[in-house]
Amino acid sequence: MKPVVYRKLPLILVGVMAFGLPLVVTSPTYLHIVILLFLYAYLTTSWNLVGGFAGVLPLGHAAFVGIGAYTSTILSLQYGVSPWIGMLVGAVIASIVGVIIGLPTFKMRGAYFALATIAFAEGIRVMFENIDYLGPFQINGPRGLQIPPLKTGLASFMFAEKEPYYYIILVMLAGVLLLTWAISRSKLGYYLMAGGEEPEAAQALGVNVARAKLTAMAMSSFLTAFAGTFWAQFTLYIHPKSVMSLDISFEIAFIALIGGRGSIAGPVLGALLLRPVSDFSRIYFGDKLPGLHLIIFGVVLILVMLFQPRGLQLPLTRIYHRVMDRLFGDREAAV
Amino acid sequence: MKILELQTVRKYFGGIKAVESFSLDVNEGDIVGLIGPNGAGKSTLFNCVAGVFPPTAGDILFLGEKINGQKPWDLCHKGLARTFQIVKPFASRSVLYNVMVGAFATTDKRSEAEQRAREVLQHLNMDDKKDQRAGNLTIADRKRLEIARALATRPKLLLLDEVMAGLRPTEVDEMVAIIKRLREGGMTIFVIEHIMRAIMALSDRIAVLHFGTKIAEGNPQEITRDERVIKAYLGEDYGAA
Amino acid sequence: MLFILEDTINGILMGSIYGLAALGLTLIFGVLKVINFAHGSLLMVGMYVAYWAVLLTGVHPYLSLVIVVPVMFLFGYLLQDILIKPIFKAEKNVREPITVIIVTTGVWYILDNLSLLIFGPQYRNIQDNPLRGKMLEAGEMMISVPKLWGFCAAIITALLVYLFLQKTRMGRAVRATSLDRDAASLQGINQYKIYNISFGIGTAVAGVAGVTLVPFFNIFPSVGVLFDIKCFIIVVLGGLGSIGGALLGGMIVGVIESVGPQFMTATWTEAIVYGLFLVFLFLKPSGLFGVKYDW
Chain C
1 MKPVVYRKLP LILVGVMAFG LPLVVTSPTY LHIVILLFLY AYLTTSWNLV GGFAGVLPLG
61 HAAFVGIGAY TSTILSLQYG VSPWIGMLVG AVIASIVGVI IGLPTFKMRG AYFALATIAF
121 AEGIRVMFEN IDYLGPFQIN GPRGLQIPPL KTGLASFMFA EKEPYYYIIL VMLAGVLLLT
181 WAISRSKLGY YLMAGGEEPE AAQALGVNVA RAKLTAMAMS SFLTAFAGTF WAQFTLYIHP
241 KSVMSLDISF EIAFIALIGG RGSIAGPVLG ALLLRPVSDF SRIYFGDKLP GLHLIIFGVV
301 LILVMLFQPR GLQLPLTRIY HRVMDRLFGD REAAV
Chain U
1 MKILELQTVR KYFGGIKAVE SFSLDVNEGD IVGLIGPNGA GKSTLFNCVA GVFPPTAGDI
61 LFLGEKINGQ KPWDLCHKGL ARTFQIVKPF ASRSVLYNVM VGAFATTDKR SEAEQRAREV
121 LQHLNMDDKK DQRAGNLTIA DRKRLEIARA LATRPKLLLL DEVMAGLRPT EVDEMVAIIK
181 RLREGGMTIF VIEHIMRAIM ALSDRIAVLH FGTKIAEGNP QEITRDERVI KAYLGEDYGA
241 A
Chain D
1 MLFILEDTIN GILMGSIYGL AALGLTLIFG VLKVINFAHG SLLMVGMYVA YWAVLLTGVH
61 PYLSLVIVVP VMFLFGYLLQ DILIKPIFKA EKNVREPITV IIVTTGVWYI LDNLSLLIFG
121 PQYRNIQDNP LRGKMLEAGE MMISVPKLWG FCAAIITALL VYLFLQKTRM GRAVRATSLD
181 RDAASLQGIN QYKIYNISFG IGTAVAGVAG VTLVPFFNIF PSVGVLFDIK CFIIVVLGGL
241 GSIGGALLGG MIVGVIESVG PQFMTATWTE AIVYGLFLVF LFLKPSGLFG VKYDW
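Protein chains in written order, with the numbering used here: chain C, 1 to 335; chain U, 1 to 241; chain D, 1 to 295.
Source of the hints: derived by calculation from the structure; they are not laboratory data.
Chain U regions said to be covered by chain C (calculated; three or more residues, Cβ under 8 Å):
no. : segment
1   : 61 to 73
2   : 84 to 90
3   : 93 to 103
List of simulated lysine-lysine pairs, DSBU-like, C-alpha gap at most 30 Å:
no. : chain 1 : residue 1 : chain 2 : residue 2
4   : U       : 109       : C       : 107
5   : D       : 85        : C       : 107
6   : C       : 187       : U       : 78
7   : C       : 107       : D       : 33
8   : U       : 66        : C       : 107
9   : U       : 88        : D       : 33
10  : U       : 71        : C       : 107
11  : C       : 8         : U       : 109
12  : U       : 156       : C       : 187
13  : C       : 107       : D       : 284
14  : U       : 88        : D       : 85
15  : C       : 187       : U       : 71
16  : U       : 88        : D       : 89
17  : C       : 107       : U       : 78
18  : C       : 187       : U       : 88
19  : C       : 241       : C       : 162
20  : U       : 17        : C       : 107
21  : C       : 187       : U       : 129
22  : U       : 78        : U       : 66
23  : C       : 8         : U       : 129
24  : C       : 107       : D       : 89
25  : U       : 17        : U       : 66
26  : C       : 107       : U       : 88
Don't be surprised by glycine CBs; every beta carbon is placed ideally from N, CA and C.
Please work from the sequences and hints to get the whole structure.
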């Protein structure tokens, strides 16, 4: 085999292990933790399309999670529509909302854009928390919506055990990573990078920067909404604070930033490093030291921004390549 | 045929008259130079043509079509490319990546863009640097990269904004040779330049801008002998570079 | 009709306190060109400092200013010096360092959760302070006394800041740096020291706002979040960098919040404030008075 394939071997191994994980990890608690980890890896990778590739700082992505969750739940509770279809509908709506938000805000300076996304997200959440009905749709305000665990099976996107959820989120994660990789190598990816780094030069080279950013936003919000539906079907209970809170938006952004936005591995690495911290500190210190994991997040975030602003993926991938070089010889230069 | 026509173009910024009633024709295959003291309005004129902002009055025609106020990216697709006086490479990326951004203007496929980019780099003798990080290049190479990127978009008209600034004399000569080669390949070029020896060597015709007005136009010999030009420059740039 | 007048007046008073809270934010932006996402948390810290000062010494809440102002100034100064300055230095050429926003967001998270850890989630207030619950009778209207004190504090603080910037040497240096940091630096002004001082002043002003709130507002770890977003809204409405704009923006929000519930639910009032915010962001991001040079 060529050296190039050798270098990918560890990644292939990881992929295989991921598929076999439920055979080894049988405790539902731990599987639950892993599922959430993958969910956040999925969310941060989707966020990365806008926050990393397009070079802006969206801090309200939880709104799209909420839109996805509520759309599929309402459609299935009130109209008996399959959650899979509801997932798609939610994604389309989220996509449209994303473009509407993006149209006026992408022209703004970075800080204003971040503020605007926060305002939108909080506005949507406040609205959901205070209305019982949106037209014919039942929202139920802060009490939220519960999904009765009636029939299980793939068609109804509901399962008694955790294993099927694990595989679904694994497939989603793999899909979004593949998509991100494909985009990074495509015209859109090049255009986004160019528009983010030197917008004037990019425009002179034929790049409609605004349109590229909007495309990225539409994709990102579309994919993020999928996670909302997954979350709804996984926890069977959604309310504004659980799917749309600012905390979720910030956690997504923080993880991506710490891992390294703009790269493919960054968000996933960030999730792999930080979610366990979050979960374990909550399990072991939850009562005595509440909010400890958030303090750790904050400290890590600041340290990373001060010393490794491109994220932890930079030193980590360097180490990886150095190890690979040692084992299999120099790689060919990549574009 | 006329590639570019500037008809009594005016650009005012509030009360400031940056460009006053400027007219000029650029024919196919020409190299036309635009010179003038600092602050004369040269870059403003370029920016009007390149779509950064629309002219206050007057018309700009590109390939016979009025392009006032059209956006830079649309103009690029119509065949108008430009470089920037202060170079703006995508510093964190490789040279090849930079040029590919330009190459994507004419194709959607990555393989085609990569191929076109490599052709352009070879044409400019930069192929050996294709994998270098753009931010690490010397200033001369960065200027060449600017041109390479613009070339990759397959333009019919190339606007070069002070590509010689900051180059050593040998580098200036190299750049002149490159630009001449481009014209031999059929490119029409509109150049802003301060380095006299370059603009004299390159241009078929030169227009001179002073406080926003065209004070002279002609071939290099006529320009250097023109009284108004000499007065405007006070002769100090004549021996420059 | 009288209710509306009473609400309006109380709204203006409360709004001036909002404006005071936003004043620090707008100062920091005007000089550093950075939106400090941790501002609400700094306000929260100010409130806790004032709370403990009063609780431990038993003095009149406004006397705690003696402790609060220097402590907050120092806190802000150090924050800027240790955490933000390195980023400024590293990203000298970036037009607007987003990394700073990220860092201040991190500070927000740390401060809020640290105070949750240390002080616990319970709501605190100073029950028997001389200002609590007092009302001033003006004809048939009841004006809230603590808010009136707050109003005075806001005006005085704004005036002091304005005088500082206009009349003192240091103040002029601050203004110079805010207009053109490179030019100011060439004139011998140490821009990083100016940033530190400006951040310190902005934080100290947040501390003053905290003091004005302590007599009547509940104190709890996430109180900052409430004010954070409100301050952003005010600062955009009034114009980033404008002292008068901050106060005016604060009063507008205060009045809407006060008068609104007479005609619609609290939710809709909140929605109007958000809506106004977004309208300004889109149409007039420089706000009512925000021109860069508005000192």
